[in-house]
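Here is how the chains run, residue by residue.
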Amino acid sequence: MAGIVRQRVFKDTYRDSVELMRIATDLERLPGVVRAGVVMGTPANRDLLADAGLLLPDAADPQPADLIVAVAAESDQAGAAAIERAAAALAGPTRATAEERQTTPVTTLHDALGEIHDANLALISAPGAYAAAEALKALKRGLHVFLFSDNVPIADEVALKELAERKNLLLMGPDCGTAILDGVPLGFANAVRRGRIGLIGASGTGLQEVSCLIDRLGEGVSQVIGVGGRDLDERVGGRMTLAALRRLATDDGTAVIVLISKPPSAAVAERITRAARECPKPVVVNFLGWTGGADGLRTFDDAALDAVALAQGVTRTALALEMPNPQPPPPAGPRFAPGQTEIRGLYCGGSLAAEATLVLRQTLGEAAAGRVTIVDLGDDRHTAGRLHPMIDPRFRNQCIVEAARDPKVAVILLDVVLGHNAHPNPARALIPALDDARHAAAAAGRDLVVVASVCGAPDDPQDFQRQQTMLAGRRVWLAPSNASAARLAASAFGGAAASTVDPRGTLRPPRGDRGGAR
Amino acid sequence: MTGEPARPSTIFTGGIRAINIGLAGFAEPIQTHGGACLHVQWRPPAEGDRALGLLLARLEDDPDDPIGALVARANAEAVRRIVEGRPVAVDVRTAADVIPGMGSRMLLHAGPPITWERMCGPMRGAAIGAMLLEEWATTPTEAEALAGRGAVEFAPCHEYATVGPMAGIVSPSMPVIVVENQAFGNRAFSNLNEGIGKMLRYGAYDGAVLERLRWFAATLGPALGRTLRAAPVDLRDLTARALQMGDECHNRNVAGTSILIRTIAPTLVRAAPDDAAAALEFMRGNDHFYLNFSMAACKATLDAAHGIDGSSVVTAMARNGVEFGIRVSGTGEAWFTAPAGAPDGLYFPGYGAQDANPDIGDSAITETCGIGGFAMAAAPAIVRFIGGTTADAVAYTRAMYRITLTRSQAYGIPSLGFAGTPTAIDVRRVVESGLVPVIDTGIAHRLPGMGQIGAGTTAAPRGCFTTALQALGRRLGLEEAGL
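Protein sequences, first through last, are from chains A and B.
The numbering of the first sequence is this note's numbering, which starts it at 16 and goes up by one.
The numbering of the second sequence is this note's numbering, which starts it at 1198 and goes up by one.
These aren't lab readings, by the way, just hints derived from the structure by calculation.
Just so you know, not all the hints are guaranteed correct.
Said to hold, decoys possible - Have a look at the derived ranges for each label pair, beta carbon to beta carbon: (1) B/Ala1248 to A/Gly129: 19 to 29 Å; (2) A/Asp474 to B/Ala1221: 19 to 29 Å; (3) B/Gly1674 to A/Glu417: 36 to 46 Å.
Stated by the list, open to error - To give an idea of the chain B side of the interface with chain A (calculated C-beta under 7 Å), a few residues: (4) Ile1208; (5) Ile1213; (6) Ile1218; (7) Ile1227; (8) Gln1228; (9) His1230; (10) Val1237; (11) Ala1248; (12) Ala1437; (13) Gly1529; (14) Ala1531; (15) Arg1595; (16) Ser1612; (17) Gly1614; (18) Phe1615; (19) Gly1617.
Claimed, not checked - List of simulated lysine to any residue pairs, SDA-like, C-alpha gap at most 25 Å: (20) A/Lys182 to B/Leu1267; (21) A/Lys182 to B/Ala1428; (22) A/Lys182 to B/Thr1210; (23) A/Lys182 to B/Gly1382; (24) A/Lys26 to B/Arg1277; (25) A/Lys26 to B/Gly1679; (26) A/Lys26 to B/Thr1210; (27) A/Lys26 to B/Glu1281.
Glycine included, every Cβ here is placed at the ideal spot set by N, Cα and C.
Could you put together the complete structure from these sequences and hints?
Shown next as structure tokens:
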């Protein structure tokens, strides 16, 4: 016989002879295999192998309880490959087959890891009481964690983030609404283009807003990392913000880093700004409402404009946030009844609500007191027993109609948040409420102004353009960002407040180039 | 499986491979953007007990955490010892002569420890029979009085490296199968199977029962002893063959018994020419003769994996007719018990659930070792006991993969492409998933001596796994709830 003979003995391994013949037949179909024998080591079988020229004198003298794989092949390589194939066939399936998954559902993280051996991320949106345990298991098993769940005790958050830090993993959350990693949207994220700006944020809709504005300014994001609303709390100490900063600092795809959050305590702010200063890449630190110096309020618009300016190497004055879908300017000033002095903001996004509050306080100054009511309908107080208003519009719709009936309310200010996992058609869902509101106000002889901005990107599943068109068709005053929507709302009363918004809805920074934090 | 390599921590490049726990909608955007995402049919672990859920998380494998690393390492070692176990039947000898520590006035019984007063009918009947057999008493009344005043020491078989089906009564003069785990040097024992019907293990002690047991001691035992001493039988190999012939080596032992007879017959004839015919005749008439060999083999295998600090692997499951008990490798000699449940199965004509004794016997050692109910997919013929189809049998086996750490390398299931049977039950997985081990079982009449009245399956009660997990946590210093 030409070629070589290879043999392997599997000690104390029993298989039925039919199964063994099947394996032998498979081996003989392999390229370069001349003949194969797979048998139990009984004397009769060994004689058979010998007759076939397949028996090698084996040091471990095969016993009847041993299984012999013998292969005659054209080359060493082909022989070795055939032996390995036999070993694999004898081992049987070592993990679940597709059929198996069907009959036994995956109910635990552990089961899931048996199916995706190379998993690198766990998304956890289980009820808060159980979320910390799931996150702990995920970290222990080496997974990054996107922790959407809220109501996780802050002591657990600290423990989880300490562990994540030790294991060089990201623990995004708790109460983390959005992230985009390696171009993949997690949670409530928008279909923004990929680019060179990395975002880190302790606020979900803030990250959505900034990423959408960056997209509208022609740039894109490398990674978007949510860290949870309490990351900059004194007790958590900005642990994940700093970890994310370190990661983005060494990420080849990131040229500029933006960091957004509510203003932290002085100690945490100091730690963060120091880390930002020491970062080898430009970092735009944007603590919402933080005056940070002489140049006034910083909004999410500022974060986006600063970052794009840095990424493009231009001054901010060269940039403008245009309405993506130009529309006719708002009709001549509304005629409000006496006593109709209130701006009622009804928000889905907590960070957007906070931003609107700050902008209106700054714009209206002393007059804001008693004239501005901004409600975050996504807050725990309003979501108990209800779905989040980004998913289920019904509660906000009720609030809109109620506001219209309130003789004090002149302006209703709204956010319309698009993106993955948000309501599939939020503008359409608003229309009945807007119509009812107008009827209610008209019936009482009042004018009513509705102002909104759409937080979204052209490729979002809801169709950004169409959402704008639907709202414009209901005489909603649209602004290109949430901050500018708040200013537009203030302008409804005429006077100085309107001066920062030009009638076409284009926002320009008030003066000069403020640059980033550096 | 334990001890997997550390995962890379990259997340910015190279793709997202995610596991989604909670809102199902989160999976889709990931998949449509080129990531992989497996949505888990999640439910609160440990039936919603938050403190237990946290304990589970703290006991999770983690190479970087002292406890997580200890548990992972200990389980890997327990798995290694189970997988490498090499049980060989080497002898049949008188119990008192070979079972270490067996006292001269001691009766071993099935399941976790139990006093005479609390024993169920079949176990009391079997104990009475054994006392008559040992001639410690001459009448049943005398025997009861003897036991009642504490003149007989009762102890669980399991604590003496022994296993017995049903009542599991082993008395000093009974012949026992000696199984040696040749990989680790330990031994395990089991009595000889009497057959079905009115037998001692069901609490019968009439003349015929005692006569048979005397014949075991005088004739069958010594004949088998001479045979096995001359030609030991590799039980891992025998069980592997039986599984491929439709046995699961707990409730169905037709193939195992046949192979055993075929294997030992020539040696038996040579070793005990005068008794060989009677011995072979008896074995041929008892389809369950292999059961006790199978059980002792499992016991020998699992005992080698017991006592590994930090291991959450179950090393024994057993029932005494009142309580179901388990032992865990990393929690020493402790038993964790819960009330024994009622088996779910089919009854012989004239009997029903009202006649059934609660779950009894050490035979759940087979499931603990990855065969029996865990290998139900290999034994479609017994599916009728659970009133199901072959698909149900496959589903039982597949479910058990969720609560075990590995797949047997020795025991393959033909209908599953020779996948290894689910092996090494992890207490953590049982508590987390709420899936409990499925156990094939015979059903005993609750009155002594009535015998087997049916067969079916039983589910191990969750409670003993919960208390075992808590005990493991305490041993590892995880006392208070919290992360």
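| said: Of all the hints numbered above, which does this structure not satisfy? Sort the numbers upward. | reply: Result: hints 3, 8, 11, 13, 14, 16, 21, 23, 25 and 26 break, sorted rising.
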